[in-house]
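Here the structure of chain H is known, so what remains is to put chains F and R in place on it, guided by the hints.
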Amino acid sequence: MEKLIYDFSFGLFFWQLLLFVALVFLLKKFAWKPILNAVDERESSIKESLKAAERARKELKELQSDNQKILNEARAERERIVKEANDMKNKIVGDANEAAKAESAKHIENARLQIESEKQNAIAQIKTQVAELSVEIAEKLLRKELESQNKQQELIDDLLKEAKL
Amino acid sequence: MQFKTSKLFLFLFVFVAPFFASAQHDADTAHAEAEPSIKEKIKKDIEHHLQDSHDFHLFTDNATGTHYGFPLPVILWDDGLHVFMSSKFHHGEDVVESKGNYYKVYHSKVYKTDESGVLTFDEHHHPTNAMPLDFSITKNVFSIMAIMLIIILIFSRTAKSYKTSLVPSGMAKFVEPIIVFVRDEIAIPNIGEKDYKRFMSFLLTIFFFIWIVNLFGLTPLGINVTNSISVTFALALITFLITQFTARKDYWKHIFWMPGVPVFMKIVLAPIELLGVFIKPFALLIRLYANITAGHVVLMSIIGMMFVFKSWIGSPLSFGLAFGLSLLELLVAALQAYIFTMLSALYFGSAVAEHHDEH
Amino acid sequence: MEIPTIVGAGLIVIGAGLGIGKIGSSAMDAIARQPEATNKIQTAMLIAAALIEGIGFAALFAA
Numbered sequence: 001m002e003k004l005i006y007d008f009s010f011g012l013f014f015w016q017l018l019l020f021v022a023l024v025f026l027l028k029k030f031a032w033k034p035i036l037n038a039v040d041e042r043e044s045s046i047k048e049s050l051k052a053a054e055r056a057r058k059e060l061k062e063l064q065s066d067n068q069k070i071l072n073e074a075r076a077e078r079e080r081i082v083k084e085a086n087d088m089k090n091k092i093v094g095d096a097n098e099a100a101k102a103e104s105a106k107h108i109e110n111a112r113l114q115i116e117s118e119k120q121n122a123i124a125q126i127k128t129q130v131a132e133l134s135v136e137i138a139e140k141l142l143r144k145e146l147e148s149q150n151k152q153q154e155l156i157d158d159l160l161k162e163a164k165l
Numbered sequence: 001m002q003f004k005t006s007k008l009f010l011f012l013f014v015f016v017a018p019f020f021a022s023a024q025h026d027a028d029t030a031h032a033e034a035e036p037s038i039k040e041k042i043k044k045d046i047e048h049h050l051q052d053s054h055d056f057h058l059f060t061d062n063a064t065g066t067h068y069g070f071p072l073p074v075i076l077w078d079d080g081l082h083v084f085m086s087s088k089f090h091h092g093e094d095v096v097e098s099k100g101n102y103y104k105v106y107h108s109k110v111y112k113t114d115e116s117g118v119l120t121f122d123e124h125h126h127p128t129n130a131m132p133l134d135f136s137i138t139k140n141v142f143s144i145m146a147i148m149l150i151i152i153l154i155f156s157r158t159a160k161s162y163k164t165s166l167v168p169s170g171m172a173k174f175v176e177p178i179i180v181f182v183r184d185e186i187a188i189p190n191i192g193e194k195d196y197k198r199f200m201s202f203l204l205t206i207f208f209f210i211w212i213v214n215l216f217g218l219t220p221l222g223i224n225v226t227n228s229i230s231v232t233f234a235l236a237l238i239t240f241l242i243t244q245f246t247a248r249k250d251y252w253k254h255i256f257w258m259p260g261v262p263v264f265m266k267i268v269l270a271p272i273e274l275l276g277v278f279i280k281p282f283a284l285l286i287r288l289y290a291n292i293t294a295g296h297v298v299l300m301s302i303i304g305m306m307f308v309f310k311s312w313i314g315s316p317l318s319f320g321l322a323f324g325l326s327l328l329e330l331l332v333a334a335l336q337a338y339i340f341t342m343l344s345a346l347y348f349g350s351a352v353a354e355h356h357d358e359h
Numbered sequence: 001m002e003i004p005t006i007v008g009a010g011l012i013v014i015g016a017g018l019g020i021g022k023i024g025s026s027a028m029d030a031i032a033r034q035p036e037a038t039n040k041i042q043t044a045m046l047i048a049a050a051l052i053e054g055i056g057f058a059a060l061f062a063a
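Chains as they are written, first to last, in my numbering: chain H, 1 to 165; chain F, 1 to 359; chain R, 1 to 63.
Just so you know, the hints here were simulated from the structure itself, not pulled from any lab data. Careful, some of the hints might be misleading.
One-sided excerpt, in silico: chain R residues whose CB lies under 8 angstroms from chain F [stated by the list, open to error]:
| hint | residue |
| --- | --- |
| 1 | Leu46 |
| 2 | Ile47 |
| 3 | Glu53 |
| 4 | Phe57 |
| 5 | Ala58 |
| 6 | Phe61 |
Residues from chain F shown here face chain H by an in silico Cβ test under 7 angstroms; the list is partial [unchecked claim]:
| hint | residue |
| --- | --- |
| 7 | Ser136 |
| 8 | Met148 |
| 9 | Phe155 |
| 10 | Ala159 |
| 11 | Leu166 |
| 12 | Phe202 |
| 13 | Leu204 |
| 14 | Ser230 |
Since we're looking at a predicted model, the values are computed, not measured. Backbone N, C-alpha and C define an ideal beta-carbon position, used for all residues, glycine too.
Pulled out of the complex, with its shape left as it was, chain H reads as follows (with noise of 0.2 angstroms):
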């Protein structure tokens, strides 16, 4: 201990207080400062960048997930669309099939009901034939039967027996 205290020198300790606080200055103004400055803007700067292309990689993530997004949704339209055409193509197949059911029903139908109303004529027509000809027939053997007045006569009063009963 008395030799450190001995070894002490004033001067020296003066010296080196000045200049080391002179050098701290100096250096802070013409190194530390610009040094670090530009160690911290670099660091800034490259951390920017990384930050960048991060958001950059996530920017294109997001573009691919849409574009994915995009496809899925034109994919599902184009399904939709599909089977609504098919969904038309079927209910207006089955409809035309109905009418042509219908069509073809009336036309049955219709032919049905002409062949029953000449059905209908024809028997009616008959009826008048087989009317006229019996009438003609009865003509015939009225007149064939008729010839005599007795045999009129003869008539009348079966005709009027019948009617009594």
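Then chains F and R, alone, in the frame of chain H:
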């Protein structure tokens, strides 16, 4: 022949040249009285190396006895300014007269004497003569100035290289990782993200200053700045002052009225904590001083071994040990700078810390 | 007077050496257990070693 072989070794181990050159010089002066043993010479030489001196002594040619080096200005304050060149002392042999006062240098310290240069000693062999305030540009001050100039050159050039582009080039490639290391490994973890910027200039300066000064201490120039107690004291004082003046309320509260402990303990802890405030920077200055001094002493002793054991085993052994130790000293140079910076940052961190939590 | 001082210095060196050795060995253990925390452990180790060293030096100079 004797001198020739030792000279050969001096050239082989250039980096110790100054020490041995001065050893021979001391031996020369002592030669007349008695032949000192080689061990004593080495001891004296080491002592001489560890001291500051008023001239920059590089080496001495033993054959002719001429000293190589250059004188430095001596600035004394003794009821007026006395300025003269250290060459006037003639390596401590002469008394210098300046404005009617007489000065003599003894063990690197300037004493006021009478005309004939008589020094009186106390029982510790310390002169009792009056000492003028010595602001001389001594060898250490000169070295500090030179090294600071080099540091400023290195770092201002580094800073300039960033002006052209943010990508480090040249010197910056080497320096920048260290700066970033100081920031990310020393400043931020110890001081905190919020406050560290205020201390960066000091931490970086002290780190590089101590490191580069330590490295210069390993060169053959014989510079030994960080093993002067005055230098480490000045550095630790700055750390101490910064710690006290940036301290927040919590820091003082933790010293004088430690929260979360019983009142009795608070009273016991306060003086201990207060003592700690002074012990911390004291340990800082002693650590740096002692580490570097110890390194120099051991290294020089090992090199000195070569001249003690003048045998074919001793010299290679000494060389090997000295080489290994020099490598270790390279590590210690950086490690001590790191530890000094680290502990400074730690103290600053404790000064600016805000304790929101209970303890 | 010479001998007790030297002995005291020796004791201090032994004490500080043991202390720093203990710190070193514990740090090694810790690093082996948690290699990912190497940096933090090293920092703490250096600080602890530096503190012991400081006390050691203080005692050495007092001795």
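A quick look at each hint next to the structure:
1. Leu46: 6 angstroms, holds
2. Ile47: This interface hint holds because 7 angstroms falls under the 8 angstroms limit.
3. Glu53: Cβ of Glu53 (chain R) sits 6 angstroms from chain F, so the hint holds.
4. Phe57: 4 angstroms, holds
5. Ala58: With a closest approach of 6 angstroms, the Ala58 (chain R) hint holds.
6. Phe61: 7 angstroms, holds
7. Ser136: Hint holds; Ser136 (chain F) Cβ to chain H Cβ min 6 angstroms, cut 7 angstroms.
8. Met148: Holds. Min distance 5 angstroms.
9. Phe155: Hint holds; Phe155 (chain F) Cβ to chain H Cβ min 3 angstroms, cut 7 angstroms.
10. Ala159: 4 angstroms, holds
11. Leu166: Because about 4 angstroms separates Leu166 (chain F) from the closest Cβ in chain H, which is inside the 7 angstroms limit, the hint holds.
12. Phe202: 6 angstroms, holds
13. Leu204: 5 angstroms, holds
14. Ser230: 4 angstroms, holds
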